[in-house]
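Student: In order, the protein sequence lines correspond to chains C, D and H. Residue numbers for the first sequence follow this note's numbering, beginning at 1 and rising by one. Residue numbers for the second sequence follow this note's numbering, beginning at 1 and rising by one. Residue numbers for the third sequence follow this note's numbering, beginning at 1 and rising by one.
Bear in mind the hints are in silico, worked out from the structure with no lab data behind them. Don't be surprised by glycine CBs; every beta carbon is placed ideally from N, CA and C. Please note that the accuracy of each hint is not assured.
[Stated by the list, open to error] Listed next, with one range per pair, are the computed distances between beta-carbon atoms: (1) C:Asp269 to H:Lys99: 24 to 32 Å; (2) H:Gly138 to C:Asp269: 35 to 43 Å; (3) C:Glu117 to H:Thr309: 40 to 48 Å; (4) H:Glu14 to C:Leu306: 23 to 31 Å; (5) H:Ala289 to C:Ala67: 51 to 59 Å; (6) D:Glu183 to H:Ala289: 23 to 31 Å; (7) C:Leu306 to H:Glu145: 26 to 34 Å; (8) D:Ile267 to C:Ser104: 50 to 58 Å; (9) C:Glu314 to H:Gly138: 50 to 58 Å; (10) H:Ala130 to D:Glu183: 48 to 56 Å; (11) C:Val301 to H:Pro301: 35 to 43 Å.
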Amino acid sequence: MTAPLLKVENLRIELTTRDGVAPVIDDLSFELGAGESISFVGESGCGKSMTALGIMGLLPDKIGRIASGSIAFEGEELSTASEKRLREIRGNDISMIFQEPMTSLNPVYTVGEQIAEVLRAHQGLSKSAAWASAVELLDAVRIPNAQRRVSDYPFQMSGGQRQRVMIAIALACEPKILIADEPTTALDVTVQAQIFDLLNDLKRQTGTAIIMITHDMGAVAEMAQRMIVMYAGRNAEQGPVDQIIDRPRHPYTKGLISCVPHIMATLTDERHELTEVAGIVPSLREFGKNQCLFASRCAMVTQECLDNRPPEIEFEAGQKSACWHAGTV
Amino acid sequence: MSAPPLQPQEELPTARHPFAEAWEMFRRNHAAMVALVVLTLIVLTAIFGPYIYKTDPFDMVWAPFSPPGVDGFLLGTDYLGRDLLAALIHGARVSILIGLAAALMSVFIGVTVGALAGFYRGWVEEVLMRVTEFFQVLPTLLFSMVIVALFGASLPMITFAIGIVSWTAVARITRSEFLRIRELEYVTASRASGAKNGTLMFKIILPNALPPIIVQAALMVGSAILFEAGLSFLGLTDPNVVSWGQVIGSNRQYILDASYTVTIPGIAIFITVLAISLVGDGLNDALNPKLRQR
Amino acid sequence: MSDTAQKDVLLNVENLTVRFAVKKGGLFGQPKYLYAVDDISFEIKRGETLAIVGESGSGKTTAALAVARLVNAYKGRVDLDGTDFLTLEDEDLRQARAKMQFIFQDPYSSLNPRVRAEKIVREPLDNLDAVPEAERQGIVDKLFEAVGLHPEQQRLFPHQFSGGQRQRIGIARALSTQPELIICDEPVSALDVAVQAQILNLLRKLQADFGLTYLFISHDLGVVQHMCDSIAVMYMGKVVEYADRLSLFNNPLHPYTVALLSAVPSVDKKRRADTKRILIPGDPPDPLALPEGCRFANRCPVAQDRCKTQQPSLKTVATGHKVACHLVDETAVSPLR
Numbered sequence: 001m002t003a004p005l006l007k008v009e010n011l012r013i014e015l016t017t018r019d020g021v022a023p024v025i026d027d028l029s030f031e032l033g034a035g036e037s038i039s040f041v042g043e044s045g046c047g048k049s050m051t052a053l054g055i056m057g058l059l060p061d062k063i064g065r066i067a068s069g070s071i072a073f074e075g076e077e078l079s080t081a082s083e084k085r086l087r088e089i090r091g092n093d094i095s096m097i098f099q100e101p102m103t104s105l106n107p108v109y110t111v112g113e114q115i116a117e118v119l120r121a122h123q124g125l126s127k128s129a130a131w132a133s134a135v136e137l138l139d140a141v142r143i144p145n146a147q148r149r150v151s152d153y154p155f156q157m158s159g160g161q162r163q164r165v166m167i168a169i170a171l172a173c174e175p176k177i178l179i180a181d182e183p184t185t186a187l188d189v190t191v192q193a194q195i196f197d198l199l200n201d202l203k204r205q206t207g208t209a210i211i212m213i214t215h216d217m218g219a220v221a222e223m224a225q226r227m228i229v230m231y232a233g234r235n236a237e238q239g240p241v242d243q244i245i246d247r248p249r250h251p252y253t254k255g256l257i258s259c260v261p262h263i264m265a266t267l268t269d270e271r272h273e274l275t276e277v278a279g280i281v282p283s284l285r286e287f288g289k290n291q292c293l294f295a296s297r298c299a300m301v302t303q304e305c306l307d308n309r310p311p312e313i314e315f316e317a318g319q320k321s322a323c324w325h326a327g328t329v
Numbered sequence: 001m002s003a004p005p006l007q008p009q010e011e012l013p014t015a016r017h018p019f020a021e022a023w024e025m026f027r028r029n030h031a032a033m034v035a036l037v038v039l040t041l042i043v044l045t046a047i048f049g050p051y052i053y054k055t056d057p058f059d060m061v062w063a064p065f066s067p068p069g070v071d072g073f074l075l076g077t078d079y080l081g082r083d084l085l086a087a088l089i090h091g092a093r094v095s096i097l098i099g100l101a102a103a104l105m106s107v108f109i110g111v112t113v114g115a116l117a118g119f120y121r122g123w124v125e126e127v128l129m130r131v132t133e134f135f136q137v138l139p140t141l142l143f144s145m146v147i148v149a150l151f152g153a154s155l156p157m158i159t160f161a162i163g164i165v166s167w168t169a170v171a172r173i174t175r176s177e178f179l180r181i182r183e184l185e186y187v188t189a190s191r192a193s194g195a196k197n198g199t200l201m202f203k204i205i206l207p208n209a210l211p212p213i214i215v216q217a218a219l220m221v222g223s224a225i226l227f228e229a230g231l232s233f234l235g236l237t238d239p240n241v242v243s244w245g246q247v248i249g250s251n252r253q254y255i256l257d258a259s260y261t262v263t264i265p266g267i268a269i270f271i272t273v274l275a276i277s278l279v280g281d282g283l284n285d286a287l288n289p290k291l292r293q294r
Numbered sequence: 001m002s003d004t005a006q007k008d009v010l011l012n013v014e015n016l017t018v019r020f021a022v023k024k025g026g027l028f029g030q031p032k033y034l035y036a037v038d039d040i041s042f043e044i045k046r047g048e049t050l051a052i053v054g055e056s057g058s059g060k061t062t063a064a065l066a067v068a069r070l071v072n073a074y075k076g077r078v079d080l081d082g083t084d085f086l087t088l089e090d091e092d093l094r095q096a097r098a099k100m101q102f103i104f105q106d107p108y109s110s111l112n113p114r115v116r117a118e119k120i121v122r123e124p125l126d127n128l129d130a131v132p133e134a135e136r137q138g139i140v141d142k143l144f145e146a147v148g149l150h151p152e153q154q155r156l157f158p159h160q161f162s163g164g165q166r167q168r169i170g171i172a173r174a175l176s177t178q179p180e181l182i183i184c185d186e187p188v189s190a191l192d193v194a195v196q197a198q199i200l201n202l203l204r205k206l207q208a209d210f211g212l213t214y215l216f217i218s219h220d221l222g223v224v225q226h227m228c229d230s231i232a233v234m235y236m237g238k239v240v241e242y243a244d245r246l247s248l249f250n251n252p253l254h255p256y257t258v259a260l261l262s263a264v265p266s267v268d269k270k271r272r273a274d275t276k277r278i279l280i281p282g283d284p285p286d287p288l289a290l291p292e293g294c295r296f297a298n299r300c301p302v303a304q305d306r307c308k309t310q311q312p313s314l315k316t317v318a319t320g321h322k323v324a325c326h327l328v329d330e331t332a333v334s335p336l337r
């Protein structure tokens, strides 16, 4: 077996807040193979985005830092890499798209200029070659009339088109990993379907591995092979997507799946009450305690959950659950 | 449905008013805190000083041009032999009073105009904003000089002259805040629950628009004091009332021979206005929710 | 159900149209109008829930705001329990608002940040003077309990609550005047998934307890399917399909509805295998330069020539099922099947 493309081990990211230092990522390990797609799921404030920023070396200056653990990209350690090296890797090997396509493009440059800029900076293309590639890329992300639209300004495009431009920029240097942080949350479902379709096609064609961060279990089911459920900075459960959806081994995962009214193949008259996950995500102050952080919202809570942090229990096909009662969920 | 039981670690936060939080923020700004102390001292002096230091600032108490510290007069005497310390203490009242009154007046006019324009939009806004622009393009000093020259240099008239030329900034700020806030959902929510226009304007929108207005008002007190000094310097002042600007104005011919007669009230104005600006700045930081997270 | 037929209609909206003047062509030029809501009709029976579903720009929120007289309708009727809401003026309108309340999308901007929670819930009572002052506090106490908040929390300010709790305050406020109709404008879309379930369950419970009628605006078909008795699908200001819950979800007819349903990602493996995803390419037309034919024609996978020239009208194709598509007839078969 070849070495994984990205290997994260025992990662701990600390954030300095007014109340002290909080581990926003606490002992996270996972692997990503080339061409694979993995999804991070959880509510806001669970550390999903922080993982992405940590991998990209984009943690907020002076506030966030990698306290321990390692992030190895093709065997190269990123957590200790120089800022210069990280800059080379960002955009070239790992790139990222964000949730808000409205604000992540610069409004005073045309989209062509913004794509070409990336190509020139990272690949040293000439001005005209970069421009020609920009047109090709826009075409690849299925913006009709790419030749003409390349000179449009961001405000002349719809939200979906802007997100496509962001994807074009992210893919400009044929990265090995694309991190998509809630890429479709701000978009309509029909547009979301187009973007998912596009991402899946691009993955097939270029072999780019995708890390998708989302709160939508449906999106995970459509887009990813494996998923990591995050809760309060910790890995609650990880494993193959279909297997987890069929048989979640962590009460939080179970809650996340059943609290959403999913569209069913055939609808009947009866309507079940939705499963509630009571309460909310704990505040940063609670992070890092030696107990199960989900205990306060969990229906299966016992004394053990409050006394000690649960270990990861392994099931078949690499499904792991950090729950004292994983066997009985 | 009963409330879910409180989690042990979920203590109920105490009900703190947003202004209490603003005070917390303000206290962290050291420059503003120092300025607030200085300003408090100045105001206390203005209120109680005249009862303690009873020398009449118009009395000729000693030989003219006695320098500070000589002959028992801490700040010396002016060209008529009047006690400068007395002038400073008694003048503080007038300067600050005019500053406050003029700022209050411009806030009153500005908020009314801005609120109406921002709330009703349409032709009301058109008309009011054209009027505002008219006052904005007037040469302010000249206009207030004309008013004082025409209607006499009494304190109320001077206050009016300053207020009438400086409300436009408040009107613009109020209008833009109203335009922003009236679109927020809680305003729509109040409308949906049957609030009257007056309630919407003054009970719902205005309190939320206050922070930048308060900051602007604080800064305006400073500029009104300066304005009054400017008018007094030009002789457009009530000769029977002493103010800092008036002291400078009356001594201006002797600026080369006895520079302290002009410098000392000048410093008083400078310190007061600076203190007000710093407090205004502190208020701005404290009341601006975007900075609160830092 | 047997009592369905006896349920009377609480809200009847007819030919509602909302337009906004967008650009004045110079001083004397003709203003250009954007028809955000274009001639839509629907009705809600007492105690039931009607959802208006659509994507951004479909006009669903504008329609809701127009029903509540929070934006001005250009024409149409909004009959609430026999009175035309759109013709009421000033004081009558203010008092009539007690019967129709609104729950907003964004729990962060829908509560006045300078007012304590109890006062927010009380505000409609204070505005309308229908309840004597002495009784108001008691009502507030009951409402706090009904929406699952602690009495101690009454004294807190909005920023001291979480998103879900804020939405509970918003719901309590809407209930305070004992309205007959509550318009919920995307009440859960700003909340975390786990909290959404809490609010949706609460809304359904309150509906059962107080016999409320909901007009429910949402873009989330999963939520709509869970919450509603009938659904109107909007596209570019028009209702393109209008049916009861089972008909719409089990037999969607309009190509747009079919595409919309197929676009929703699902955790159900069977559904993913069964449903062919219908991608609708491109973007909606410019709302200021609407095509003369069907507004969906430029993205419709089965559009024909007449779709581009003739606007389809909303017609009944089966019991309780209306569609605005040239390609759907009385057999009620979707052209995409």
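Student: Against this structure, judge whether each hint is valid.
Tutor: Results of checking the hints against the structure:
Remark: the range hint 24 to 32 Å for Asp269 of chain C to Lys99 of chain H is upheld by a beta-carbon distance near 30 Å. About 39 Å separates the C-beta atoms of Gly138 of chain H and Asp269 of chain C, a value consistent with the hinted range of 35 to 43 Å. A hinted range of 40 to 48 Å holds for the C-beta pair Glu117 of chain C and Thr309 of chain H, which are about 45 Å apart. Glu14 of chain H and Leu306 of chain C have their C-beta atoms about 59 Å apart, which leaves the hinted 23 to 31 Å range violated.
The beta-carbon spacing between Ala289 of chain H and Ala67 of chain C, approximately 57 Å, falls within the hinted interval of 51 to 59 Å. At about 27 Å, the beta-carbon gap between Glu183 of chain D and Ala289 of chain H stays in the expected band of 23 to 31 Å. Evaluation of the 26 to 34 Å hint for Leu306 of chain C and Glu145 of chain H yields a pass: the beta carbon distance comes to about 29 Å. Separated by about 52 Å at the C-beta atoms, Ile267 of chain D and Ser104 of chain C satisfy the suggested range of 50 to 58 Å.
The given range of 50 to 58 Å is respected by Glu314 of chain C and Gly138 of chain H, whose C-beta atoms sit roughly 56 Å from each other. Restraint check, Ala130 of chain H to Glu183 of chain D: a C-beta distance of roughly 28 Å breaks the suggested window 48 to 56 Å. Restraint check, Val301 of chain C to Pro301 of chain H: a C-beta distance of roughly 51 Å breaks the suggested window 35 to 43 Å.
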